[in-house]
Amino acid sequence: GARREIAAVLGDLHRTAGATIIVLEKDAEFVARWAERVVILADGQIALDGSPTDVFAKVERLHSLGVAVPQMAELAARLPDAAGSATFLTARQAAARLNSQLAVPVAAAAVAKEIPANRSFEHATLQGGVADATPSAIDVRNVTFCYEDGTRALDDLSLLVPDGQFLAVVGRNGGGKSTLARHLNGLLRPQNGDVAIRGKPAAGRRVGDLAKEIGYVFQNPDHQIFATSVREEVAYGLRNLGVTGEEASRRVDEALAVFGLADVAGTPPAVLGYGLRRLVTLASVWAMQPPIWVLDESTTGLDARYTATLMDRLRSLHAGGRTILFITHDLRLAAEFAERMVVIDRGQVALDGPPAAVFSDNDALQGFGLRPPPITRLSALLAPSGFAHPTLSVDQFVDAW
1 GARREIAAVL GDLHRTAGAT IIVLEKDAEF VARWAERVVI LADGQIALDG SPTDVFAKVE
61 RLHSLGVAVP QMAELAARLP DAAGSATFLT ARQAAARLNS QLAVPVAAAA VAKEIPANRS
121 FEHATLQGGV ADATPSAIDV RNVTFCYEDG TRALDDLSLL VPDGQFLAVV GRNGGGKSTL
181 ARHLNGLLRP QNGDVAIRGK PAAGRRVGDL AKEIGYVFQN PDHQIFATSV REEVAYGLRN
241 LGVTGEEASR RVDEALAVFG LADVAGTPPA VLGYGLRRLV TLASVWAMQP PIWVLDESTT
301 GLDARYTATL MDRLRSLHAG GRTILFITHD LRLAAEFAER MVVIDRGQVA LDGPPAAVFS
361 DNDALQGFGL RPPPITRLSA LLAPSGFAHP TLSVDQFVDA W
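If you read the sequence shown in the numbering used here, its first letter stands for residue 1, the second for the next number, and so on.
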(Lines of atoms letter the chains of each structure in order from A and count residues from 1; the text may use other names and numbers.)
(Lines give C-alpha, C1' and ligand atoms only; values in the text may rest on other atoms or scores of the structure.)
Protein backbone atom coordinates (compact mmCIF):
# COMPACT_ATOMS: atom_id res chain seq x y z
CA GLY A 1 0.00 0.00 0.00
CA ALA A 2 0.88 3.68 -0.14
CA ARG A 3 1.94 3.78 3.51
CA ARG A 4 4.49 1.02 3.02
CA GLU A 5 5.84 2.79 -0.06
CA ILE A 6 6.24 6.02 1.90
CA ALA A 7 7.94 4.15 4.73
CA ALA A 8 10.32 2.51 2.27
CA VAL A 9 11.25 5.90 0.79
CA LEU A 10 11.88 7.35 4.26
CA GLY A 11 13.93 4.29 5.16
CA ASP A 12 16.08 4.75 2.07
CA LEU A 13 16.64 8.41 2.93
CA HIS A 14 17.69 7.42 6.43
CA ARG A 15 20.09 4.71 5.26
CA THR A 16 21.62 6.34 2.20
CA ALA A 17 21.63 10.03 3.13
CA GLY A 18 21.77 9.80 6.90
CA ALA A 19 18.60 11.87 7.14
CA THR A 20 16.90 12.29 10.49
CA ILE A 21 13.28 11.21 10.13
CA ILE A 22 10.60 12.34 12.59
CA VAL A 23 7.10 10.96 11.97
CA LEU A 24 3.96 11.92 13.90
CA GLU A 25 1.87 8.76 13.81
CA LYS A 26 -1.05 7.08 15.62
CA ASP A 27 -0.71 3.71 13.86
CA ALA A 28 1.14 1.47 16.31
CA GLU A 29 1.73 -1.25 13.71
CA PHE A 30 3.43 1.24 11.40
CA VAL A 31 5.62 2.55 14.23
CA ALA A 32 6.56 -0.92 15.45
CA ARG A 33 7.58 -1.97 11.95
CA TRP A 34 9.63 1.06 10.90
CA ALA A 35 10.83 3.18 13.82
CA GLU A 36 14.14 2.96 15.70
CA ARG A 37 12.89 5.06 18.60
CA VAL A 38 9.40 5.78 19.91
CA VAL A 39 8.33 8.79 21.95
CA ILE A 40 4.84 8.75 23.48
CA LEU A 41 3.40 12.18 24.24
CA ALA A 42 0.59 12.69 26.76
CA ASP A 43 -0.75 15.97 28.14
CA GLY A 44 2.10 17.90 26.59
CA GLN A 45 4.82 15.77 28.18
CA ILE A 46 6.94 12.77 27.22
CA ALA A 47 5.32 9.77 28.87
CA LEU A 48 7.52 7.04 27.34
CA ASP A 49 10.72 7.12 25.31
CA GLY A 50 12.75 4.20 24.04
CA SER A 51 13.11 1.53 21.40
CA PRO A 52 9.92 0.05 19.93
CA THR A 53 10.61 -3.19 21.82
CA ASP A 54 10.96 -1.41 25.16
CA VAL A 55 8.07 1.00 24.71
CA PHE A 56 5.54 -1.49 23.36
CA ALA A 57 6.37 -3.98 26.11
CA LYS A 58 4.62 -1.59 28.53
CA VAL A 59 1.17 -2.69 27.41
CA GLU A 60 -0.78 -1.67 30.51
CA ARG A 61 0.85 1.75 30.58
CA LEU A 62 0.02 2.29 26.91
CA HIS A 63 -3.59 1.32 27.53
CA SER A 64 -3.80 3.81 30.39
CA LEU A 65 -2.50 6.52 28.07
CA GLY A 66 -5.03 5.66 25.38
CA VAL A 67 -2.29 4.64 22.96
CA ALA A 68 -2.78 1.78 20.52
CA VAL A 69 -0.65 -1.32 21.09
CA PRO A 70 0.68 -3.44 18.21
CA GLN A 71 -1.14 -6.76 18.01
CA MET A 72 2.04 -8.77 18.46
CA ALA A 73 3.06 -6.84 21.59
CA GLU A 74 -0.45 -7.33 22.95
CA LEU A 75 -0.19 -11.03 22.22
CA ALA A 76 3.16 -11.36 23.98
CA ALA A 77 1.67 -9.73 27.07
CA ARG A 78 -1.37 -12.01 26.94
CA LEU A 79 0.72 -15.19 26.56
CA PRO A 80 3.47 -14.71 29.16
CA ASP A 81 4.16 -18.44 29.53
CA ALA A 82 4.69 -18.85 25.79
CA ALA A 83 6.44 -15.55 25.19
CA GLY A 84 8.71 -15.64 28.22
CA SER A 85 10.49 -12.31 28.47
CA ALA A 86 10.18 -11.65 24.74
CA THR A 87 8.15 -8.85 23.18
CA PHE A 88 7.03 -9.57 19.63
CA LEU A 89 6.73 -6.71 17.17
CA THR A 90 6.19 -8.67 13.96
CA ALA A 91 4.33 -11.81 12.99
CA ARG A 92 7.58 -13.50 11.99
CA GLN A 93 9.14 -12.81 15.39
CA ALA A 94 6.07 -14.25 17.08
CA ALA A 95 6.01 -17.31 14.83
CA ALA A 96 9.66 -18.06 15.55
CA ARG A 97 8.91 -18.04 19.27
CA LEU A 98 5.53 -19.80 19.28
CA ASN A 99 5.88 -22.41 16.56
CA SER A 100 7.77 -24.91 18.70
CA GLN A 101 5.25 -24.55 21.53
CA LEU A 102 2.14 -25.03 19.45
CA ALA A 103 -0.43 -27.33 21.00
CA VAL A 104 -2.00 -28.33 17.71
CA PRO A 105 -5.17 -30.19 18.77
CA VAL A 106 -6.19 -27.54 21.31
CA ALA A 107 -5.47 -24.64 18.96
CA ALA A 108 -7.30 -26.08 16.00
CA ALA A 109 -10.37 -27.04 18.00
CA ALA A 110 -10.65 -23.70 19.75
CA VAL A 111 -10.26 -21.60 16.64
CA ALA A 112 -12.78 -23.72 14.77
CA LYS A 113 -15.40 -22.66 17.32
CA GLU A 114 -14.63 -18.98 16.82
CA ILE A 115 -14.33 -18.67 13.05
CA PRO A 116 -17.70 -18.55 11.26
CA ALA A 117 -18.34 -21.01 8.49
CA ASN A 118 -17.43 -19.93 4.98
CA ARG A 119 -20.93 -18.67 4.25
CA SER A 120 -21.52 -17.63 0.68
CA PHE A 121 -22.60 -14.12 -0.17
CA GLU A 122 -23.27 -14.94 -3.80
CA HIS A 123 -26.77 -13.54 -3.26
CA ALA A 124 -25.11 -10.13 -3.34
CA THR A 125 -24.44 -10.51 -7.05
CA LEU A 126 -27.48 -9.64 -9.11
CA GLN A 127 -27.78 -11.88 -12.12
CA GLY A 128 -30.08 -11.46 -15.06
CA GLY A 129 -31.70 -8.40 -13.51
CA VAL A 130 -33.52 -10.51 -10.92
CA ALA A 131 -33.24 -9.22 -7.36
CA ASP A 132 -32.74 -11.56 -4.44
CA ALA A 133 -35.81 -12.01 -2.26
CA THR A 134 -33.86 -11.18 0.92
CA PRO A 135 -34.91 -7.78 2.30
CA SER A 136 -32.19 -5.35 1.34
CA ALA A 137 -31.05 -2.10 2.90
CA ILE A 138 -28.84 -1.23 -0.07
CA ASP A 139 -29.21 -2.53 -3.62
CA VAL A 140 -26.64 -1.35 -6.17
CA ARG A 141 -27.07 -2.79 -9.65
CA ASN A 142 -24.55 -2.55 -12.46
CA VAL A 143 -23.52 0.99 -11.55
CA THR A 144 -20.90 2.76 -13.63
CA PHE A 145 -19.57 6.22 -12.86
CA CYS A 146 -16.77 8.21 -14.51
CA TYR A 147 -15.39 11.53 -13.30
CA GLU A 148 -14.88 14.44 -15.68
CA ASP A 149 -11.18 13.62 -16.05
CA GLY A 150 -12.14 10.23 -17.47
CA THR A 151 -11.41 8.20 -14.33
CA ARG A 152 -13.77 5.22 -14.22
CA ALA A 153 -14.42 5.06 -10.48
CA LEU A 154 -17.18 2.45 -10.63
CA ASP A 155 -17.28 -0.15 -13.37
CA ASP A 156 -20.55 -2.11 -13.62
CA LEU A 157 -20.51 -2.61 -9.85
CA SER A 158 -23.29 -4.55 -8.12
CA LEU A 159 -23.69 -4.91 -4.37
CA LEU A 160 -26.62 -6.00 -2.25
CA VAL A 161 -26.52 -5.38 1.50
CA PRO A 162 -29.18 -7.21 3.53
CA ASP A 163 -31.02 -5.28 6.21
CA GLY A 164 -29.16 -5.30 9.54
CA GLN A 165 -25.75 -6.35 8.21
CA PHE A 166 -22.38 -4.98 9.36
CA LEU A 167 -20.38 -4.72 6.14
CA ALA A 168 -16.77 -3.55 5.94
CA VAL A 169 -15.74 -2.15 2.55
CA VAL A 170 -11.99 -2.13 1.99
CA GLY A 171 -9.59 -1.59 -0.87
CA ARG A 172 -6.65 0.46 -2.04
CA ASN A 173 -6.85 4.24 -2.52
CA GLY A 174 -8.76 5.19 -5.64
CA GLY A 175 -10.50 1.84 -5.87
CA GLY A 176 -14.00 3.34 -5.78
CA LYS A 177 -15.06 3.02 -2.13
CA SER A 178 -15.92 6.66 -1.48
CA THR A 179 -17.52 7.02 -4.89
CA LEU A 180 -19.80 4.12 -4.04
CA ALA A 181 -20.70 5.70 -0.69
CA ARG A 182 -21.64 9.00 -2.34
CA HIS A 183 -24.05 7.17 -4.62
CA LEU A 184 -25.93 5.88 -1.59
CA ASN A 185 -26.87 9.30 -0.20
CA GLY A 186 -27.42 10.99 -3.55
CA LEU A 187 -24.30 13.16 -3.65
CA LEU A 188 -23.44 11.34 -6.88
CA ARG A 189 -25.80 9.75 -9.38
CA PRO A 190 -24.99 6.69 -11.52
CA GLN A 191 -24.33 7.26 -15.20
CA ASN A 192 -25.43 3.68 -15.80
CA GLY A 193 -27.19 1.27 -13.46
CA ASP A 194 -29.48 1.78 -10.49
CA VAL A 195 -29.35 2.31 -6.73
CA ALA A 196 -32.20 1.42 -4.38
CA ILE A 197 -32.37 2.17 -0.66
CA ARG A 198 -34.69 -0.04 1.40
CA GLY A 199 -36.50 -1.14 -1.72
CA LYS A 200 -37.07 2.34 -3.16
CA PRO A 201 -35.12 3.64 -6.18
CA ALA A 202 -32.77 6.48 -5.25
CA ALA A 203 -33.16 8.10 -8.67
CA GLY A 204 -35.11 11.33 -8.42
CA ARG A 205 -34.95 11.49 -4.62
CA ARG A 206 -33.36 14.53 -3.00
CA VAL A 207 -30.33 14.21 -0.74
CA GLY A 208 -32.46 15.47 2.16
CA ASP A 209 -35.02 12.76 1.54
CA LEU A 210 -32.36 10.04 1.42
CA ALA A 211 -30.94 11.39 4.69
CA LYS A 212 -34.00 10.02 6.47
CA GLU A 213 -32.70 6.53 5.72
CA ILE A 214 -28.95 6.98 5.17
CA GLY A 215 -26.82 8.45 7.93
CA TYR A 216 -23.62 9.49 6.16
CA VAL A 217 -20.43 10.24 8.09
CA PHE A 218 -17.88 12.05 5.94
CA GLN A 219 -14.20 11.13 5.85
CA ASN A 220 -13.29 14.62 7.10
CA PRO A 221 -15.45 15.86 9.99
CA ASP A 222 -14.80 19.46 8.97
CA HIS A 223 -16.78 18.83 5.78
CA GLN A 224 -19.80 18.12 7.96
CA ILE A 225 -19.56 20.71 10.76
CA PHE A 226 -20.67 24.34 10.48
CA ALA A 227 -22.90 25.28 13.46
CA THR A 228 -21.90 27.66 16.24
CA SER A 229 -22.28 25.14 19.07
CA VAL A 230 -22.14 21.38 19.50
CA ARG A 231 -25.79 21.28 20.55
CA GLU A 232 -26.83 23.28 17.50
CA GLU A 233 -24.79 20.99 15.26
CA VAL A 234 -26.44 17.86 16.65
CA ALA A 235 -29.90 19.44 16.35
CA TYR A 236 -29.47 20.66 12.77
CA GLY A 237 -30.17 17.37 11.01
CA LEU A 238 -33.25 16.79 13.14
CA ARG A 239 -34.76 20.10 12.08
CA ASN A 240 -34.22 19.14 8.45
CA LEU A 241 -36.19 15.97 9.14
CA GLY A 242 -38.99 18.00 10.73
CA VAL A 243 -38.29 16.80 14.27
CA THR A 244 -38.77 19.65 16.74
CA GLY A 245 -39.84 20.41 20.30
CA GLU A 246 -39.48 17.92 23.14
CA GLU A 247 -38.68 15.02 20.83
CA ALA A 248 -35.79 16.93 19.27
CA SER A 249 -34.46 17.96 22.69
CA ARG A 250 -34.67 14.39 23.93
CA ARG A 251 -32.77 13.03 20.94
CA VAL A 252 -30.09 15.71 21.15
CA ASP A 253 -29.56 15.10 24.87
CA GLU A 254 -29.33 11.36 24.25
CA ALA A 255 -26.80 11.77 21.44
CA LEU A 256 -24.66 14.13 23.51
CA ALA A 257 -24.69 11.65 26.39
CA VAL A 258 -23.92 8.62 24.22
CA PHE A 259 -20.81 10.28 22.80
CA GLY A 260 -19.71 12.02 26.01
CA LEU A 261 -20.29 15.52 24.63
CA ALA A 262 -22.65 16.99 27.24
CA ASP A 263 -19.87 19.04 28.85
CA VAL A 264 -19.02 20.74 25.54
CA ALA A 265 -22.60 21.18 24.30
CA GLY A 266 -22.25 24.96 24.24
CA THR A 267 -18.79 25.00 22.70
CA PRO A 268 -18.20 25.86 19.02
CA PRO A 269 -17.24 22.58 17.32
CA ALA A 270 -14.48 24.31 15.37
CA VAL A 271 -12.39 24.86 18.52
CA LEU A 272 -12.54 21.22 19.62
CA GLY A 273 -9.80 18.70 18.92
CA TYR A 274 -10.05 16.38 15.93
CA GLY A 275 -11.34 13.41 17.92
CA LEU A 276 -14.11 15.41 19.55
CA ARG A 277 -15.10 16.93 16.21
CA ARG A 278 -15.45 13.42 14.85
CA LEU A 279 -17.69 12.48 17.79
CA VAL A 280 -19.83 15.55 17.07
CA THR A 281 -20.49 14.32 13.53
CA LEU A 282 -21.39 10.88 14.87
CA ALA A 283 -23.73 12.36 17.47
CA SER A 284 -25.43 14.40 14.73
CA VAL A 285 -26.20 11.25 12.78
CA TRP A 286 -27.14 9.31 15.92
CA ALA A 287 -29.81 11.89 16.78
CA MET A 288 -31.42 11.40 13.36
CA GLN A 289 -31.79 7.65 14.05
CA PRO A 290 -31.29 6.44 10.47
CA PRO A 291 -31.76 2.72 9.78
CA ILE A 292 -28.58 2.69 7.64
CA TRP A 293 -25.17 4.13 8.57
CA VAL A 294 -22.51 4.77 5.93
CA LEU A 295 -19.12 5.71 7.39
CA ASP A 296 -16.30 6.77 5.08
CA GLU A 297 -12.91 6.24 6.77
CA SER A 298 -14.37 7.54 10.01
CA THR A 299 -11.51 6.28 12.21
CA THR A 300 -8.80 8.08 10.23
CA GLY A 301 -6.82 10.32 12.57
CA LEU A 302 -8.48 8.98 15.73
CA ASP A 303 -6.42 7.71 18.64
CA ALA A 304 -7.11 4.39 20.34
CA ARG A 305 -9.63 5.79 22.82
CA TYR A 306 -11.78 7.58 20.25
CA THR A 307 -11.59 4.60 17.92
CA ALA A 308 -12.77 2.31 20.72
CA THR A 309 -15.66 4.69 21.46
CA LEU A 310 -16.70 4.77 17.82
CA MET A 311 -16.54 1.01 17.32
CA ASP A 312 -18.42 0.37 20.57
CA ARG A 313 -21.25 2.62 19.38
CA LEU A 314 -21.33 0.94 15.98
CA ARG A 315 -21.50 -2.45 17.66
CA SER A 316 -24.45 -1.20 19.71
CA LEU A 317 -26.20 0.15 16.62
CA HIS A 318 -25.70 -3.13 14.80
CA ALA A 319 -27.03 -5.11 17.77
CA GLY A 320 -30.12 -2.90 17.60
CA GLY A 321 -30.76 -3.89 13.99
CA ARG A 322 -29.12 -1.02 12.13
CA THR A 323 -27.30 -1.64 8.85
CA ILE A 324 -23.65 -0.54 8.93
CA LEU A 325 -21.54 0.06 5.81
CA PHE A 326 -18.09 0.79 7.18
CA ILE A 327 -15.43 1.95 4.70
CA THR A 328 -11.99 1.53 6.22
CA HIS A 329 -8.29 1.06 5.60
CA ASP A 330 -7.92 -0.54 9.04
CA LEU A 331 -8.18 -4.25 8.37
CA ARG A 332 -7.89 -4.97 12.10
CA LEU A 333 -11.26 -3.27 12.63
CA ALA A 334 -12.78 -4.98 9.61
CA ALA A 335 -11.65 -8.37 10.91
CA GLU A 336 -12.90 -7.81 14.43
CA PHE A 337 -16.25 -6.08 13.90
CA ALA A 338 -17.67 -6.88 10.47
CA GLU A 339 -19.75 -9.93 9.61
CA ARG A 340 -19.02 -9.47 5.92
CA MET A 341 -16.16 -7.91 3.95
CA VAL A 342 -16.11 -6.59 0.43
CA VAL A 343 -12.89 -5.66 -1.35
CA ILE A 344 -13.42 -3.04 -4.06
CA ASP A 345 -10.68 -2.68 -6.64
CA ARG A 346 -10.74 -0.69 -9.86
CA GLY A 347 -14.42 0.05 -9.45
CA GLN A 348 -15.52 -3.56 -9.05
CA VAL A 349 -16.21 -6.02 -6.25
CA ALA A 350 -13.06 -8.13 -6.17
CA LEU A 351 -13.67 -10.23 -3.04
CA ASP A 352 -16.83 -10.75 -1.00
CA GLY A 353 -17.50 -12.93 2.02
CA PRO A 354 -17.21 -13.35 5.79
CA PRO A 355 -13.93 -11.98 7.18
CA ALA A 356 -12.69 -15.50 7.94
CA ALA A 357 -13.12 -16.42 4.27
CA VAL A 358 -11.60 -13.21 2.90
CA PHE A 359 -8.61 -13.36 5.24
CA SER A 360 -7.97 -17.02 4.52
CA ASP A 361 -6.02 -16.05 1.39
CA ASN A 362 -3.28 -13.57 2.31
CA ASP A 363 -1.82 -13.64 -1.20
CA ALA A 364 -5.12 -12.58 -2.77
CA LEU A 365 -5.48 -9.69 -0.35
CA GLN A 366 -1.95 -8.49 -0.94
CA GLY A 367 -2.61 -8.65 -4.67
CA PHE A 368 -5.21 -5.94 -4.09
CA GLY A 369 -2.77 -3.81 -2.12
CA LEU A 370 -4.09 -4.95 1.27
CA ARG A 371 -1.93 -6.25 4.10
CA PRO A 372 -3.75 -8.57 6.52
CA PRO A 373 -3.52 -7.72 10.24
CA PRO A 374 -0.44 -9.11 12.04
CA ILE A 375 -2.52 -11.61 14.02
CA THR A 376 -3.87 -13.04 10.77
CA ARG A 377 -0.41 -13.17 9.21
CA LEU A 378 0.77 -15.01 12.33
CA SER A 379 -1.93 -17.65 12.03
CA ALA A 380 -0.91 -18.12 8.39
CA LEU A 381 2.70 -18.69 9.45
CA LEU A 382 1.58 -21.22 12.08
CA ALA A 383 -0.89 -22.98 9.78
CA PRO A 384 1.69 -25.49 8.43
CA SER A 385 2.12 -26.68 12.03
CA GLY A 386 -1.60 -27.24 12.37
CA PHE A 387 -2.86 -23.96 13.79
CA ALA A 388 -6.21 -23.03 12.24
CA HIS A 389 -6.06 -20.07 9.88
CA PRO A 390 -7.20 -17.35 9.94
CA THR A 391 -7.49 -15.89 13.41
CA LEU A 392 -9.04 -12.45 13.30
CA SER A 393 -8.19 -10.88 16.65
CA VAL A 394 -5.81 -11.20 19.59
CA ASP A 395 -8.70 -12.41 21.76
CA GLN A 396 -9.45 -15.17 19.27
CA PHE A 397 -5.81 -16.23 19.12
CA VAL A 398 -5.45 -16.32 22.92
CA ASP A 399 -8.63 -18.38 23.26
CA ALA A 400 -7.25 -20.80 20.69
CA TRP A 401 -3.78 -21.15 22.18
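FYI, nobody ran anything at the bench for these hints, they're computed from the structure.
Among the hints, erroneous ones may be present.
No farther apart than 25 Å at their CA atoms in a straight line, the calculated lysine to aspartate or glutamate pairs in the DMTMM-like style are these [stated by the list, open to error]:
1) Lys26 to Glu297
2) Lys212 to Asp253
3) Lys212 to Asp163
4) Lys58 to Asp395
5) Lys58 to Glu297
6) Lys212 to Asp194
7) Lys26 to Asp12
8) Lys200 to Glu254
9) Lys58 to Glu336
10) Lys26 to Asp43
11) Lys26 to Glu36
12) Lys26 to Glu247
13) Lys200 to Asp155
14) Lys200 to Asp222
15) Lys26 to Glu336
16) Lys212 to Asp303
17) Lys58 to Asp12
18) Lys58 to Glu5
19) Lys58 to Asp43
20) Lys200 to Glu213
21) Lys212 to Asp222
22) Lys26 to Glu60
23) Lys26 to Asp303
24) Lys212 to Glu232
25) Lys58 to Glu339
26) Lys26 to Glu5
27) Lys212 to Glu246
28) Lys26 to Asp54
29) Lys26 to Glu254
30) Lys200 to Asp253
31) Lys26 to Asp49
32) Lys212 to Glu247
33) Lys200 to Glu232
34) Lys212 to Asp312
35) Lys212 to Glu148
36) Lys26 to Asp253
How the hints compare with the structure:
| no. | hint | result |
| --- | --- | --- |
| 1 | Lys26 to Glu297 | holds (15 Å) |
| 2 | Lys212 to Asp253 | holds (20 Å) |
| 3 | Lys212 to Asp163 | holds (16 Å) |
| 4 | Lys58 to Asp395 | holds (18 Å) |
| 5 | Lys58 to Glu297 | violated (29 Å) |
| 6 | Lys212 to Asp194 | holds (19 Å) |
| 7 | Lys26 to Asp12 | holds (22 Å) |
| 8 | Lys200 to Glu254 | violated (30 Å) |
| 9 | Lys58 to Glu336 | holds (23 Å) |
| 10 | Lys26 to Asp43 | holds (15 Å) |
| 11 | Lys26 to Glu36 | holds (16 Å) |
| 12 | Lys26 to Glu247 | violated (39 Å) |
| 13 | Lys200 to Asp155 | holds (22 Å) |
| 14 | Lys200 to Asp222 | violated (31 Å) |
| 15 | Lys26 to Glu336 | holds (19 Å) |
| 16 | Lys212 to Asp303 | violated (30 Å) |
| 17 | Lys58 to Asp12 | violated (30 Å) |
| 18 | Lys58 to Glu5 | violated (29 Å) |
| 19 | Lys58 to Asp43 | holds (18 Å) |
| 20 | Lys200 to Glu213 | holds (11 Å) |
| 21 | Lys212 to Asp222 | holds (22 Å) |
| 22 | Lys26 to Glu60 | holds (17 Å) |
| 23 | Lys26 to Asp303 | holds (6 Å) |
| 24 | Lys212 to Glu232 | holds (19 Å) |
| 25 | Lys58 to Glu339 | violated (32 Å) |
| 26 | Lys26 to Glu5 | holds (18 Å) |
| 27 | Lys212 to Glu246 | holds (19 Å) |
| 28 | Lys26 to Asp54 | holds (18 Å) |
| 29 | Lys26 to Glu254 | violated (30 Å) |
| 30 | Lys200 to Asp253 | violated (32 Å) |
| 31 | Lys26 to Asp49 | holds (15 Å) |
| 32 | Lys212 to Glu247 | holds (16 Å) |
| 33 | Lys200 to Glu232 | violated (31 Å) |
| 34 | Lys212 to Asp312 | holds (23 Å) |
| 35 | Lys212 to Glu148 | violated (30 Å) |
| 36 | Lys26 to Asp253 | violated (31 Å) |
Hint check: violations occur at hints 5, 8, 12, 14, 16, 17, 18, 25, 29, 30, 33, 35 and 36; the rest are consistent with the structure.
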